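Participant: Sequence:
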Amino acid sequence: MSKESDQYLINYCDELVVKIYVGLTESKNEPDIPAVIPLLLFQTILDKIRAIQLLYESGESRVGDSSYGIVRAVFECQWSLLYILKEDTEFRSLSYYYFSRLEEAKKNLGHLNYLLSLRESSLNKRQDNLGSIELDQKRYRKAEERGDSARLEQLSKKYEADGLSPVEVMDLKMKRVQAMISELTTTIEAMKRDKVLAEMQIQVIEREPQFAHLRHELSLVPKKKVRRPSWFSLKSHIGTIYALAEHLGLEDQYEGPYGTFSQETHGLNATKQIALKGDKAILRNKEESTKNIEAKEAFHAGIYILLSIVLKFLNYYGKQDEVKELRRTMSSMQ
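In my numbering, the protein residues as written are 114 to 447.
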């Protein structure tokens with residue numbers, strides 16, 4: 114595909130998303146979940162491809178997330194969308210929606226727990242620090258009473274400051290630490306309230322009656338076969354993202370480009386930085402390849418996925434005429 118056709122496809126998909134969304138909201142103010150989920154997944158694919166395009170055009174391979182990491186998510190979104198559109202769309206859309214909400218709520222709780230543990234650890238250190246200063250102050254005063262010059266000299270060196278006595282320095286340090294403790298205590302109390310709300314949100318989601326049939330199906334997933342059930346595990350008992358790709362007949366995608374991008378993302382590609390010359394390993398010339406080759410590869414993979422998925426997407430929303438027109442336009446631009 115050419116640069117012109119790539120851009121045409123992206124712009125076409127942007128307009129298509131708006132057109133379908135307007136159509137859904139015109140027929141129903143609040144469209145049903147099964148009508149919206151495929152649209153949201155398609156929009157996610159499009160957004161991620163646009164992000165890779167920005168990296169590609171700016172000559173970078175990463176800004177935050179790497180281009181390879183982003184395109185891996187494109188593959189996964191594609192498989193999710195294809196699985197939903199394949200059959201039993203209403204159930205699968207609801208399952209995707211339910212698991213997404215539940216996973217987001219659990220991640221939020223996990224993040225809160227992590228931040229809370231950091232704050233509590235910091236609070237404990239500040240309290241220990243305060244206790245240490247208070248103890249030193251008591252030791253200093255006792256040393257003064259006893260005339261223990263050695264101890265006074267030792268503590269004076271620890272709490273030296275121009276124009277201030279050691280006791281005054283200790284007082285200042287204690288005030289600062291107490292202020293930190295007060296601030297941390299307030300923050301921790303607020304975070305604990307947020308944690309309670311997050312736990313309540315999970316409980317609400319897990320008890321919503323409209324998803325009772327999903328929870329029933331989840332209880333039927335064999336634990337020995339599927340250790341960590343996902344939304345696509347319900348009814349199908351598919352246990353992994355590879356098994357999902359295999360179910361769709363796309364295991365070649367998983368083992369091919371997706372596997373390659375995964376290897377790069379997980380840092381298993383360090384040997385690509387060297388070349389073998391006889392029995393010697395030499396570093397490759399950093400200047401000899403295109404700076405943003407990663408973004409280029411990721412972008413082309415994303416465009417291939419977008420062209421493949423948009424045709425099925427159009428069919429799902431009853432736009433068969435546009436399928437023919439898009440095929441014709443894209444062919445003329447080759």
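Careful, some of the hints might be misleading.
Stated by the list, open to error - No farther apart than 30 Å at their CA atoms in a straight line, the calculated lysine-lysine pairs in the BS3-like style are these:
#1 Lys132 <-> Lys425
#2 Lys271 <-> Lys286
#3 Lys305 <-> Lys286
Quick caveat, the hints were computed from the structure, so don't treat them as lab data. Quick caveat: nothing in here was measured; it's all calculated off a predicted structure.
Participant: Hint by hint, note whether the structure agrees.
Facilitator: Going down the list of hints, with the structure as the test:
1. Lys132 <-> Lys425: Holds, at about 16 Å.
2. Lys271 <-> Lys286: holds, 12 Å
3. Lys305 <-> Lys286: The given pair, whose Cα atoms are some 28 Å apart, holds under the 30 Å limit.
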